[in-house]
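Heads up: the sequence shown begins at 1 in full-length UniProt numbering, then just goes up one per residue.
Keep in mind that the hints were calculated from the coordinates and are not lab data.
List of simulated lysine-lysine pairs, DSBU-like, C-alpha gap at most 30 Å: (1) LYS352 - LYS854; (2) LYS1080 - LYS352; (3) LYS314 - LYS946.
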Amino acid sequence: MAQQGFPRGPPSSYSGPPGGFAQPPRGPYGPSSTGGGFAPPQQQQPPHSASGGFPPQQQQVPQQPPRSSSGAFPPQQHFPPQQQPPRSSGGGFPPQQLPNGGAFQQPPRSMGGFPQGGPPLQGHPQPGFPPQQGPSSQPGFPQQGAPMGFQGPPRGAPPNPSAFGTQVDDSDSFSCAPGPPGMQNMRPAPGPPMMQGPPQQGQHIPPPQMHQPGAFHQGPPPPQMHQPPPGAFHQGPPPPQGYGAPQGQQLPPPHMMGNPNEPVFTPGPPFHQSTAAPIPKPTPAAPAPPAQRIDPTQIPRPLGKDDIVTYVAKGATLTMPPPANSKYICIDDGCASPRFVRPSLNHVPESKDLLNQSALPLGAILCPLAKLQPGELPIPLVDFGPSGPLRCTRCKAYVNCFTKFIQGGRLFACNICAMHNETPREYYCAVDPMGKRRDATERMELARGSVEFLVPPVYSVRPAQEVIVVFCLDVSLFAFQSHLVASIVAALPAVLETLRATSPAAKFGLVTFDTAVHYYRLDQDAISMCVCPDVDDPAAPLPANAWLLPVNSPDAMDKIHELQDLIVTLFGASAKNQAVSGAAVTSVVDSLQLSGGRICLFHAGPPRLGVGKITREEAASVYGTTKEVELFAGGVSKNAHYEELARLSAKSFISVDVCSVANPYSDLAEVSRLAELTGGYVLHLPQFDKDKPEHMQYCTRFLTHWFGKDKGMEAVLKIRVSAGLRVDTIWGSFMPSGASDDEVNIALLDQDTAVGVTFVHDGRLTDEHMSIQAALLYTRVDGVRCVRVHNLALPVANLVTNVFRHADLDATCALWQRMSVKLIRDKSIMSGNGQAVKEKLVDDCVQVLTNYRKHCATNSSSGQLILPESLKLLPLYTLASLKSRALRNNLTGQQARGIIDVRADERVMLLHILNTVPVEHAVSAVYPKMYALHDLTEEVGTLNEKGQMILPAPLPPTAEKLEENGLFLLHSSTFLYLFIGAKTNPTLLEEVFGVSHVDTSEQSINLVGPAEQAGVLREQIQAVVSHLQMQSPVPVPLEIMTKSDWRSVRFLSSLVEDRTRNEVSYVEFLCQVHKKIQYKMM
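Model the full structure from these sequences, guided by the hints.
In structure tokens:
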């Protein structure tokens, strides 16, 4: 199937460019190296030998015909099978000199060979190539090519000073070309003028000229570039660590190399090598061994490292921060940690034009309350007294380590607006000859990039908010049938213990609803129930103090146990079919308007009665069409009750979490608006079943995880940036402030709540550095009102090469995901073009790589896909985002076969997660990790000497790593799948699950508690699963499946590097991106 949004593949009578890539205009004089020439028409190809390749080595090698300056073959030239000229074994160059005087060994070039190391790519034929005719050897082509990869500095290391200039060499380059047979469309390198007709006897044929790296030789290779023996690579540097195949891995025979028509990637030259050294006259040589196909182990992938690195954040540094999903310890030496502020560009372009040259977003991901890792210093708390913290009189920025004190310390210059302010007398201190205060190391606000200030009462509009948690629990018939009531009621004692540990002064309340709303009076010895029958205009029948229970009261646990029994007794035998969740939330919000708080709504179906009732039904026929956006975008109901209620809750600083276990459509897009404007969570669990005991354990885990986080209430986030820039858009879950565009209100946020922000230029940045300050005014759980300030200074770049070199891949992808979330919810766009998100993501990726090639790799060959070192995983993360369940489209027509891939309510939850999670979880949400569980070592599942969980080695998400006799765990921020192979050993199944045969399509299994006949491996897997569940912002349930289970389609579609029904494979996507870049460069 031709993928929508990409060009279709060629027909069977293919005569296009190699690999599906574009060629420059062609004419009667051959292709021009500058793109302005033309090429002759395609010639007839010589017949092949019986083996599908070229003749054996012992046959007579004829003289080589002369070549024109364009490098094309003469028109209508034919070679009989026994007179085919041999192919060269490579097209490399001798060693060349670097600009700094160092020698660089250029790797040998081939027509698409790869070094021995790892199995070839097995799978479907690549789009844009002829179909595979069958396995055959390919004589006449080299078996070994140059190793792939770039030998550059690792991320986090300072760049090579000698590499700074108009061109950079920190890139990975690939060249795409089709494999044999025939090589019918390969463009040779420019050479001497070409004769018309076959060569005459005794005629001298000059050697071909090489003007660009990777050019194709018609004759034998130069003497210095002889073919190395198998396994030996003396022609160039070895591949970088992590890109090679496993040591000792044997290659399959040539006839098992996969599809011979798949594209072949070879690394291009560094950018500073633009001219080739003279090549000696070639001598006749025999054809080289067959070429290998592409090795999927050598394409760029994330490198999982268990080593903990130390990153020092000191001022405007050139050091790149570690990757977001790596393990590191940040030392705050005057700059905020990347956990709190991670910019997309660590070198900020000085002007809008320079930013447009890169096509990268300028912004940052802010997580103000991010969790600190063991070994990192806590954020200091500074008290300035009744006057409050020192601030700029114009822009109100807080004093920080980048504030400059001038005129002997009597004035200080704001690093945000450059305003000169008078230093208060009590804050005055002399400065040294360098202009630095002598007490800078003693004042935390001048020494640390992140600091908290105690604020006076003037910063508050009401008394400090208490920690109030209210459960609104559905007790209708389906809530009991789905085991929701039993799971939530069983988790109440654990929730109470968690609140006692984190917030001793907290209060807890419980409200139930079916066709009416029920309150429980907890301020008396015996619990009594009060009913609110009016569901059209609901109001709390009791004051808040009567139905809220202090968690530190002596009889709190007894009250909880009494509530458990009362709910089951009252509603278990006489449950009603309807539920009024809208009326229940409205009633609780009305009761908490003055105090604020947190409401957790648990419902098992849409409200069909009372205020906020849902009348819209799910139309299965609109899935996969442009009308599907109406189901998950919201805002199309007959009343705007939930929008008004959400704004009222945000204004009163009431946070609302929505947890839905509704299997039928419940219009979660409308109800989730309560969470989007108040900083709450959205959770959709449609597979809740009373026969699955793991749900009771799961509910206890995610509720204790929610309430055990470090959190802030009634928060106001203000983002300030240096003069010359301004805040453009803020992305996240919050209520916009009416004061300014750079300020938002968040009713409740925790350590996993993040917002994205983008900046635009107001003018040219004239200073050497620019500053970002994020100030969060919030109330802590202990009732203290304070402001947390994060400060970051970044260098200003005047070269686009420095912008690309210091781009942050993770933050860029997180910003693009948030932009895609807004785009996919835009009905005005999606109703006209269902492929808008796909087109936008692909175009952004192609534009970035095109601009990098245009401005930083001008001398590279057009047959190479150039990837900058800092963004070498950009195509992979772009494809993974397209394949994610949140952003991928549902299929229609015959291919869909009536199966809805992503339902509307599930998409609502996934979009909410992408819009609110920090950078590390945003990457994990689209690119999962896979673990093999059937061959665990003894230490897996235990803690090391540093108290960290030991996990199995992660595997790339591709089916090539699967085995039919194994157990595989696939984990991301949004799902956790355990896949059981069809031929798994019964002994292994008994050790893990306690049974010898497993088929989840007939009977579900779980990993809850001990099991008969289970062994140590079960305990190891339980420890790994529990650890991975707690790594997500919202712990995800474990789904165990076999191949016969319908859910296995979800598992296979989550292997983002493989071809799926929605998108192409990773290798195919690289070729499509390369083709689009070539079109743009023409």
